Amino acid sequence: MNDSGFALWVYLSTTPLLWLTVTLVAWVGADALAVKAGRHTLVNPVLIAIVFVSAVLLITGTDYATYFEGAQFVHFMLGPATVAIAVPLVRNRALVMQNLWPMLAALVVGSVVAVISVVMIGQMLGLPNGILLSLAPKSVTAPVAMGITENLGGVPSLTAILVVATGVLGAVTVTPLMNALGIRDYAARGFAVGLSAHGIGTARAFNVDQVAGTFAGIAMGLNAIVTAFAVPAIMHFWGLAIG
Amino acid sequence: MIRALAVLLLCQLAGEMLTRALGLPVPGPVNGLVILGVALLVFRQPLLAFADVEKTADSILGTLGLLFIPAGVGVVQQLGLLGTYWPAIIATLVLSTLITMLVTVGTFLWVKKLLGAPT
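In order, the protein sequence lines correspond to chains A and B.
Going by the working numbering, the first residue of the first sequence is number 1, and it counts up by one from there.
Going by the working numbering, the first residue of the second sequence is number 1, and it counts up by one from there.
It is worth saying that the hints were derived from the structure and are not from the lab.
In this text the structure is predicted, and so the values were computed from the model without any measurement.
Any given hint might turn out to be false.
Claimed, not checked - If we take Cβ atoms under 8 Å as the criterion, some of the chain B residues that face chain A in the derived model are: (1) 18; (2) 34; (3) 42; (4) 74; (5) 111.
Claimed, not checked - So the derived list for chain A, only partly shown, Cβ under 10 Å to chain B, looks like this: (6) 27; (7) 32; (8) 33; (9) 37; (10) 40; (11) 42; (12) 44; (13) 72; (14) 82; (15) 83; (16) 84; (17) 108; (18) 116; (19) 207.
Claimed, not checked - Quick list of simulated restraints, FRET-style, between CB atoms: (20) A:182 <-> B:77: 14 to 24 Å; (21) B:23 <-> A:10: 44 to 54 Å; (22) A:33 <-> B:82: 20 to 30 Å; (23) A:130 <-> B:21: 23 to 33 Å; (24) B:41 <-> A:15: 38 to 48 Å; (25) A:61 <-> B:55: 17 to 27 Å.
Glycine residues also receive a C-beta, built at the ideal position from the N, C-alpha and C atoms.
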């Protein structure tokens, strides 16, 4: 790189503009790839964009703090997005009322099992407390999960990665698993994948069946609320919370 | 859109204030979710901005994935930790996610059957 080119890079690499643009372009590109792959569950746009941007940072030797100065504008929208989950919940309230009791039971049992199973298995496999705290809300949509982890003294950025990984895992396994068990109730199937694999699982459910997708979305919203209350209580009971 | 954004931010702000004031363990935006839900149920007709709120919420939720990227890129700071623990982390995630799905679908179907609803 010549002198003026280098000077330009030095200037651009420290402006929020560059990293905000890189984030948006990475998402647009990754989403286009996913569309091209027929929204195959293995071609997850979130994962692709994260890998791409991370690679750019590592190759250019840019530190995360510099990157985040630009990316924070996107990150900030997680809060309003969480509030926005109220809209599909209210819209589907008739469906919610029809299946109220099976859903409430599955919600309470599923939420608690999601947290306890991940902490228990992780502890058995020798994971340290910092990782266990970051794993606990893994089934909940990222904005809520990161808020929970932050309050507990875990690592929010680690939680984000673990949440995305959980979403992809749930989305990939739900259809073969439910088919193998001969479960044909799409409300139940959707509810299970939305609860355990949040938005990425919900997107998958919508690809399979409209009713499954709707129940997955409801489960995602309700689980966000229940887990926000349950995780701090369970973690304190377990003696794991730092915060 | 700006009006709808203002509604979403107001709910979030109220939620944050509730968390701080009462020392709740729940993140502010989750309180905001509950506040907006109740507001939509109670003020559906008078809330002139409702259609607008609905449209804006749908478009934000439609690109929810984008919002995960800045936090996810934080993985560059965690490479050492992940390098050491990735086999245990992956095993934990796979087992826990499968168990959660099975228990959830099982409970749903069991209660539905108890109530005598057709499955």
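Checklist entry - What are the numbers of the hints that this structure violates, sorted from low to high? => result Hints 1, 3, 7, 8, 9, 10, 11, 19, 20 and 25 not satisfied by this model.
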